[in-house]
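There are 2 protein chains.
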Amino acid sequence: MSSPKNAFYAQSGGVTSVINVSAAAVIETARRYPEKIGKVYAGRDGIIGALTEDLIDTSVESPAAIAALKHTPAGAFGSCRYKLKGFDKNLAEYERLIEVFKAHDIGYFFYNGGGDSADTCLKVSQLGEKMDYPIQAIHIPKTMDNDLPLTDCCPGFGSVAKYTAVSIREAGFDLKSMCKTSTKVFILEVMGRHAGWTAAAGGLAAENEGDDPHIILFPEVVFDEAKFLARVKHSVDTYGYCTIVASEGIKNAEGKFVADAGSVDAFGHTQLGGVASTLATMIKTKLGLKYHYAIADYLMRAARHVASKTDVEQAYAVGEAAVEFAVAGKGGVMVAIERQADEPYTWTVGEAPLDQVANVEKKMPAEFISEDGFHITEACRRYLAPLIAGEDHPPYRNGLPAYVQLENTPVEKKTGREFTVA
Amino acid sequence: MSSPKNAFYAQSGGVTSVINVSAAAVIETARRYPEKIGKVYAGRDGIIGALTEDLIDTSVESPAAIAALKHTPAGAFGSCRYKLKGFDKNLAEYERLIEVFKAHDIGYFFYNGGGDSADTCLKVSQLGEKMDYPIQAIHIPKTMDNDLPLTDCCPGFGSVAKYTAVSIREAGFDLKSMCKTSTKVFILEVMGRHAGWTAAAGGLAAENEGDDPHIILFPEVVFDEAKFLARVKHSVDTYGYCTIVASEGIKNAEGKFVADAGSVDAFGHTQLGGVASTLATMIKTKLGLKYHYAIADYLMRAARHVASKTDVEQAYAVGEAAVEFAVAGKGGVMVAIERQADEPYTWTVGEAPLDQVANVEKKMPAEFISEDGFHITEACRRYLAPLIAGEDHPPYRNGLPAYVQLENTPVEKKTGREFTVA
Numbered sequence: 001m002s003s004p005k006n007a008f009y010a011q012s013g014g015v016t017s018v019i020n021v022s023a024a025a026v027i028e029t030a031r032r033y034p035e036k037i038g039k040v041y042a043g044r045d046g047i048i049g050a051l052t053e054d055l056i057d058t059s060v061e062s063p064a065a066i067a068a069l070k071h072t073p074a075g076a077f078g079s080c081r082y083k084l085k086g087f088d089k090n091l092a093e094y095e096r097l098i099e100v101f102k103a104h105d106i107g108y109f110f111y112n113g114g115g116d117s118a119d120t121c122l123k124v125s126q127l128g129e130k131m132d133y134p135i136q137a138i139h140i141p142k143t144m145d146n147d148l149p150l151t152d153c154c155p156g157f158g159s160v161a162k163y164t165a166v167s168i169r170e171a172g173f174d175l176k177s178m179c180k181t182s183t184k185v186f187i188l189e190v191m192g193r194h195a196g197w198t199a200a201a202g203g204l205a206a207e208n209e210g211d212d213p214h215i216i217l218f219p220e221v222v223f224d225e226a227k228f229l230a231r232v233k234h235s236v237d238t239y240g241y242c243t244i245v246a247s248e249g250i251k252n253a254e255g256k257f258v259a260d261a262g263s264v265d266a267f268g269h270t271q272l273g274g275v276a277s278t279l280a281t282m283i284k285t286k287l288g289l290k291y292h293y294a295i296a297d298y299l300m301r302a303a304r305h306v307a308s309k310t311d312v313e314q315a316y317a318v319g320e321a322a323v324e325f326a327v328a329g330k331g332g333v334m335v336a337i338e339r340q341a342d343e344p345y346t347w348t349v350g351e352a353p354l355d356q357v358a359n360v361e362k363k364m365p366a367e368f369i370s371e372d373g374f375h376i377t378e379a380c381r382r383y384l385a386p387l388i389a390g391e392d393h394p395p396y397r398n399g400l401p402a403y404v405q406l407e408n409t410p411v412e413k414k415t416g417r418e419f420t421v422a
Numbered sequence: 001m002s003s004p005k006n007a008f009y010a011q012s013g014g015v016t017s018v019i020n021v022s023a024a025a026v027i028e029t030a031r032r033y034p035e036k037i038g039k040v041y042a043g044r045d046g047i048i049g050a051l052t053e054d055l056i057d058t059s060v061e062s063p064a065a066i067a068a069l070k071h072t073p074a075g076a077f078g079s080c081r082y083k084l085k086g087f088d089k090n091l092a093e094y095e096r097l098i099e100v101f102k103a104h105d106i107g108y109f110f111y112n113g114g115g116d117s118a119d120t121c122l123k124v125s126q127l128g129e130k131m132d133y134p135i136q137a138i139h140i141p142k143t144m145d146n147d148l149p150l151t152d153c154c155p156g157f158g159s160v161a162k163y164t165a166v167s168i169r170e171a172g173f174d175l176k177s178m179c180k181t182s183t184k185v186f187i188l189e190v191m192g193r194h195a196g197w198t199a200a201a202g203g204l205a206a207e208n209e210g211d212d213p214h215i216i217l218f219p220e221v222v223f224d225e226a227k228f229l230a231r232v233k234h235s236v237d238t239y240g241y242c243t244i245v246a247s248e249g250i251k252n253a254e255g256k257f258v259a260d261a262g263s264v265d266a267f268g269h270t271q272l273g274g275v276a277s278t279l280a281t282m283i284k285t286k287l288g289l290k291y292h293y294a295i296a297d298y299l300m301r302a303a304r305h306v307a308s309k310t311d312v313e314q315a316y317a318v319g320e321a322a323v324e325f326a327v328a329g330k331g332g333v334m335v336a337i338e339r340q341a342d343e344p345y346t347w348t349v350g351e352a353p354l355d356q357v358a359n360v361e362k363k364m365p366a367e368f369i370s371e372d373g374f375h376i377t378e379a380c381r382r383y384l385a386p387l388i389a390g391e392d393h394p395p396y397r398n399g400l401p402a403y404v405q406l407e408n409t410p411v412e413k414k415t416g417r418e419f420t421v422a
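Chains as they are written, first to last, in full-length UniProt numbering: chain G, 1 to 422; chain X, 1 to 422.
Watch out, some of these pointers could steer you wrong.
Label pairs and their calculated CB-CB ranges [unchecked claim]:
| id | chain 1 | residue 1 | chain 2 | residue 2 | range |
| --- | --- | --- | --- | --- | --- |
| 1 | X | Ala-379 | G | Ala-67 | 34 to 40 angstroms |
| 2 | X | Val-421 | G | Asn-359 | 58 to 64 angstroms |
| 3 | X | Ala-230 | G | Gln-356 | 46 to 52 angstroms |
| 4 | G | Gln-356 | X | Lys-233 | 41 to 47 angstroms |
| 5 | G | Ser-370 | X | Tyr-33 | 49 to 55 angstroms |
| 6 | G | Asn-208 | X | Lys-284 | 42 to 48 angstroms |
| 7 | G | Asp-88 | X | Glu-207 | 48 to 54 angstroms |
| 8 | X | Ala-379 | G | Ser-370 | 25 to 31 angstroms |
| 9 | G | Asn-359 | X | Pro-395 | 27 to 33 angstroms |
Just so you know, the hints here were simulated from the structure itself, not pulled from any lab data. Backbone N, C-alpha and C define an ideal beta-carbon position, used for all residues, glycine too.
Construct the entire structure; sequences and hints are all you get.
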């Protein structure tokens with residue numbers, strides 16, 4: 001009887017506060033199937049680790065260290081922004097992946113990422129067959145942006161959503177208590193390039209009339225300065241102040257980002273920044289109101305200290321299911337979360353074909369945005385509310401979250417050749 | 001036997017995540033002394049409520065609502081940025097305070113704020129005697145900036161400190177896992193105009209060599225661009241990335257704010273903003289490194305969800321002591337926290353004469369800043385560490401902190417005259 005195949009696991013793209021939960025699930029679940037899965041090797045810095053044969057042996061990590069991943073944000077093995085090109089443009093990279101996988105007897109490929117990595121996962125699956133080295137490629141969803149199709153939500157998003165809603169509620173309480181003589185307008189700028197999910201989540205804090213935030217700016221809604229300023233003024237006149245959650249990705253009628261920093265990242269995405277200061281200047285100049293703004297940036301996607309319990313549970317479930325799917329002989333799929341009911345929220349784990357996931361971006365449906373374009377609807381609230389439910393406080397040591405740093409022991413190289421990543 | 005005098009309580013200046021804890025302590029403690037203290041009236045929007053005779057009757061709030069203040073950030077009765085001028089410039093305001101206090105039979109004045117309000121507290125105490133309406137004025141310390149003298153620390157600061165340290169640790173984990181192909185430098189801009197306490201607190205996250213943050217920029221240290229950039233480069237070369245906590249108040253050799261938004265608030269303080277973007281541009285231009293930055297702004301002082309337990313306990317203790325001092329016949333003092341030992345941290349509550357507190361700003365001592373000016377020393381760590389110790393998670397409802405909003409029932413006016421606040 002042949003010894004079981006090893007597994008490869010890698011984290012891809014922007015990390016989240018719960019992607020390590022999925023990593024823990026993959027490793028812990030694989031350890032439960034020693035007759036089917038040998039070692040779990042992780043890619044150092046994501047797929048780059050596979051290309052450069054820089055693999056990490058997770059089998060030498062203690063069960064306690066792996067368990068601690070469940071309360072540790074970011075990517076424990078390193079992630080990367082590195083998108084593999086199409087077969088036509090760079091077949092060599094895919095062939096290199098198969099070469100490394102072969103050398104290390106890897107039969108399972110678990111790729112934990114967003115839309116771009118679903119595409120890579122699909123191509124690895126296809127090429128493996130073509131090169132007569134079949135590999136079970138399974139995509140484990142992760143994006144703080146919640147923009148993957150065919151899954152109820154993306155692990156990582158629920159915690160970002162909770163961060164946004166908690167933060168705007170807290171800032172709103174602050175504003176409300178000071179607005180008589182101090183700041184009248186507060187803007188919270190949130191990440192989320194093309195889809196307004198993270199901004200929408202702020203809307204959950206508004207449970208009653210007048211609650212914060214008063215205004216949400218979505219990338220899905222064309223930014224209209226006059227309409228926006230009128231709404232700000234109305235808020236200040238009515239409540240004494242105005243709280244705004246603004247997506248970094250809002251665009252004007254000409255389709256230009258309201259704040260465009262001009263640089264471009266490895267995926268060809270424009271790097272944004274400065275929406276809050278642009279809006280603030282507008283408010284100061286046109287309305288003469290004192291403003292403050294916060295920019296959440298990475299804090300929101302790293303905020304494991306205020307993670308959603310639902311999100312943590314789902315991040316674990318998708319990692320666990322990925323391994324169970326693999327053990328059951330499946331491949332070429334993404335693990336998907338399937339909503340059964342809104343309230344109480346019930347969900348199961350299913351699968352979606354990779355070719356329908358790759359490079360598709362799920363935007364906010366129109367019925368989730370209020371008619372005036374400045375808030376969320378009840379339908380949106382029903383969708384979002386369960387995703388932030390529950391708390392999962394990390395353990396603390398010396399007043400700080402006790403996050404783990406793994407040993408990340410390298411696996412001995414076997415291919416005998418260097419491969420340079422572009 | 002005459003009926004007991006009523007008490008007046010007001011919140012002043014920038015609110016914190018635990019100032020309501022002190023409010024709860026004042027109200028709960030006063031309710032334990034019905035033979036000495038009648039009702040506790042709160043000023044709506046701080047001292048402005050006293051001037052305009054807009055008082056709130058806290059006696060109609062339920063014990064549960066008052067208890068919920070202990071987990072609710074910001075100022076439940078409203079606070080204000082309104083500094084009373086000197087006797088020579090605006091005696092009418094102080095006389096008006098005494099008029100309102102007399103009309104409502106107020107014998108105790110509890111003022112919960114920073115240096116400016118300590119000054120007001122002192123003047124009310126002095127004028128009361130002069131006008132033959134003696135009033136026991138007691139100052140309850142509160143500043144997120146930790147800049148009051150004669151107290152070990154200021155309630156509100158410990159939680160801000162915890163927020164900063166937690167946030168930079170989380171962002172650092174994020175950077176570390178992505179730096180191979182993505183962002184190399186992350187800047188967290190924190191509030192703190194003249195004193196570097198809030199920035200220093202970030203240093204607590206650096207428990208081991210290489211831990212975040214790599215660099216702290218204090219307002220107490222002259223900003224030197226070349227030295228700073230060399231340090232950023234060193235960090236990126238050594239660790240692959242660089243994390244920075246920057247105080248909004250850093251100044252260059254000419255004494256100018258590195259980022260000066262130009263506007264001025266009611267206290268005559270310059271309104272700052274934009275340090276992070278200034279530093280980021282510098283890093284991009286001179287070192288060619290990809291950056292991200294977050295601006296914590298009000299989020300840090302409102303973040304009750306990640307409050308320090310020590311801070312919550314001290315905020316309660318100073319409120320409770322204020323009332324007990326008053327009941328014991330004291331006045332003209334600030335309640336002070338007195339450190340007895342660093343480790344384990346033990347502290348008691350004492351008192352400090354108001355004339356030594358008012359308008360004195362406690363800066364970071366030189367021995368708390370490392371010789372190169374970019375980090376904290378062990379002495380600073382010993383001082384700061386206990387202040388962020390312990391967690392005090394608020395209760396959650398629907399995935400969000402269940403913060404209370406009081407009824408804030410107005411007290412019937414009695415002076416029969418309007419008073420306009422400048």
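Status of the hints after comparison with the structure:
Ala-379/X and Ala-67/G have their C-beta atoms about 36 angstroms apart, which keeps the hinted 34 to 40 angstroms range intact. Judged by the Cβ atoms, the range 58 to 64 angstroms given for Val-421/X and Asn-359/G holds: they are separated by roughly 60 angstroms. As the Cβ distance of Ala-230/X to Gln-356/G is approximately 51 angstroms, the hint placing it in 46 to 52 angstroms holds. Under the hint 41 to 47 angstroms, the C-beta atoms of Gln-356/G and Lys-233/X, about 46 angstroms apart, fit the expected range.
With their beta carbons about 51 angstroms apart, Ser-370/G and Tyr-33/X fall inside the hinted range of 49 to 55 angstroms. Look at Asn-208/G against Lys-284/X: about 44 angstroms separates their beta carbons, and that is inside 42 to 48 angstroms. For the hinted restraint 48 to 54 angstroms between Asp-88/G and Glu-207/X, the CB-CB distance of approximately 50 angstroms keeps it satisfied. Against the hinted window of 25 to 31 angstroms, the Cβ-Cβ separation of Ala-379/X and Ser-370/G comes to about 54 angstroms, which falls outside the hint.
The hint said 27 to 33 angstroms for the Cβ distance between Asn-359/G and Pro-395/X, and at roughly 43 angstroms that hint is violated.
When the structure is compared with the earlier hints, violations turn up for hints 8 and 9 and for no others.
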